[in-house]
Amino acid sequence: MKKIINKVHIIGAGLAGLSTTVNAIKKNIDCEIYESSKIAGGRCRSFFDKKINLEIDNGNHLVFSANKNFLDFCESIGTLKTFKLISTNLIFFDLNSSNKWEISFDKNIFKEIFYKCPIPQTIFFDYLSFFKFLLVKSKTTVHELVGKSKIYKTFWEPFTLAVMNTSPNFASAKVLSNVLKETIFKGKKNCLIYQPLENWEKSLIQPALKFIKKHNVQINYNETLKKVFIDQGKIKKLVFTTKEVEINSDDRVIFAIPPSNINKLFPDYSLPCDYNTILNIHYKVSSINQKLFKNEISGFINTVSQWIFVKKDCISVTVSDANKFNTINSNDITEIVWEEICAFIGEKIPYLSSQVIKEKKATYIQSPKNNSLVQKFNNMKKNNIFAGDWTQNNLPCTIEASILSGKKAIELL
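So for the sequence shown, this note's numbering puts the first residue at 84; every next one is plus one.
Take these hints with a grain of salt, some might be off.
[Claimed, not checked] Pairs of lysine-lysine, DSS-like flavour, derived with a Cα cap of 30 Å:
1) Lys222 with Lys395
2) Lys377 with Lys269
3) Lys490 with Lys310
4) Lys109 with Lys121
5) Lys431 with Lys459
6) Lys394 with Lys151
7) Lys491 with Lys347
8) Lys109 with Lys272
9) Lys490 with Lys452
10) Lys110 with Lys297
11) Lys134 with Lys407
12) Lys269 with Lys231
13) Lys199 with Lys236
14) Lys215 with Lys296
15) Lys320 with Lys444
16) Lys491 with Lys272
17) Lys319 with Lys459
18) Lys167 with Lys395
19) Lys90 with Lys293
20) Lys167 with Lys109
21) Lys134 with Lys121
22) Lys459 with Lys320
23) Lys164 with Lys367
24) Lys296 with Lys310
25) Lys236 with Lys220
26) Lys407 with Lys394
27) Lys164 with Lys377
28) Lys310 with Lys441
29) Lys285 with Lys233
30) Lys134 with Lys367
31) Lys110 with Lys90
32) Lys452 with Lys310
33) Lys444 with Lys236
34) Lys444 with Lys491
35) Lys121 with Lys319
36) Lys293 with Lys121
37) Lys443 with Lys347
38) Lys271 with Lys394
Calculated from the structure, these hints are not laboratory results.
Construct all of the structure, not just a fragment, from the sequences and the given hints.
This is the structure:
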């Protein structure tokens, strides 16, 4: 007979913590949340920025129509109608050659790739590298698998960076293979991209908080977990900024926080300690100039810029694996990237204002070695579980992984 859980204490109100809470509510499990900051959402948040005078997302997130757990979560909190589906007709631009090409994943994918050979100066055989991902060893990196492919620089590198925030030199080919098998290899119905009509805060975070509030679950903000008391292999007490919480025998603790925070609480445990920054630059432009951007998502090659998202009120640029920009002046980055954008549209245009956001420690480096560390990671005590995108070592650190981890955490109770 399954033991009845008295109460679940959820540490962290990021997306994994919110998913954990929503799934606990659906199973009528009493729970309470403790969040170190003054807001929920973690690395998926939006805010009004005075410099650019717009409400912006901290970053650009990729969600595919294949992401079932994301869709289920949105269904639970009643927010699917706040998203739009974007066709994956992706435009690529190579700054060195000025070549542009289109790859469409919402048509007959293999006909689109193997018959059309869309990347300039490529032939049918160059695309056979796709099939290498059907059978991949767990210790292989993307570069080791397809680094010699002619489409490595023009497809595999930007695709890997977008999905995994890790250089192909280090990125796990096995994890990327799992993504390909759920999206591109399954056809166009799994390749559409979900984006919020306005922003991630209004489409995911606020609806989740509204659902949680409706069910009278308390969220304790500005409560950093300082110490965990353990006795006989069980967590007995949690010490926060302003309160101490006793953990009863029928209670459970779910840590929905990043591995860097886990390491601070449990320094003896081996977890990934290498992280990558994601750099985002938001440009406000005039409505006339906004119309010069025909595609909602474009990929850049041989540039600082990697992906450009055309949003309702701004042009947003994402640079993954961006640690090298942590110490570079934001104004310098802004000007370099804008020159690349002007080269892309073929016209020198001004921007009205801009904002740079450096999301340091956005994800751990998703290498085979680090994935192995996560795979070996077990719940250290008998009455706790871990959630977070990083815990799903067979998936990239994404919104889908965050939501899935919360669902799994409740299923493990």
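Next pair to validate is Lys490 with Lys310; report whether the Cα-Cα distance is within 30 Å. Holds - the C-alpha atoms of Lys310 and Lys490 are around 26 Å apart, at most 30 Å.
- Query: CA of Lys215 to CA of Lys296, is that 30 Å or under?
  - Reply: Roughly 48 Å separates the two Cα atoms, so the pair is violated.
Hinted pair, alpha-carbon criterion (30 Å max): Lys164, Lys367. Please report holds or violated. holds, 26 Å
For a C-alpha distance cap of 30 Å, please report whether Lys109 and Lys272 respect it.
Satisfied, since the Cα-Cα distance of roughly 29 Å is no more than 30 Å.
Does Lys367 lie within 30 Å of Lys134 when you go C-alpha to C-alpha? With Cα atoms ~10 Å apart, Lys134 and Lys367 stay inside 30 Å; holds.
Please verify whether Lys443 and Lys347 have alpha carbons no more than 30 Å apart. Status holds; Cα separation ~17 Å.
**Given pair status - Lys236, Lys199, alpha carbons within 30 Å** = At roughly 19 Å apart (the allowed maximum being 30 Å), Lys236 and Lys199 satisfy the hint.
>> Hinted pair, alpha-carbon criterion (30 Å max): Lys444, Lys491. Please report holds or violated.
In response: OK: Lys444 and Lys491 at ~24 Å, within 30 Å.
Exercise. Would you check the hint for Lys121 and Lys319, treating anything up to 30 Å between C-alpha atoms as holding?
Key: Given pair Lys121, Lys319 holds - Cα atoms ~26 Å apart, limit 30 Å.
> Are the Cα atoms of Lys444 and Lys236 separated by 30 Å or less?
Replying inline: holds, 25 Å
> Under the criterion that the straight-line Cα-Cα distance not exceed 30 Å, is the pair Lys310, Lys441 satisfied?
Replying inline: Holds, because 29 Å separates the two Cα atoms, which is no more than 30 Å.
### Query
Can the restraint linking Lys452 and Lys310 be considered satisfied, given a maximum Cα separation of 30 Å?
holds, 29 Å
Going through the hint list in order, the structure does not satisfy hints 1, 5, 14 and 29.
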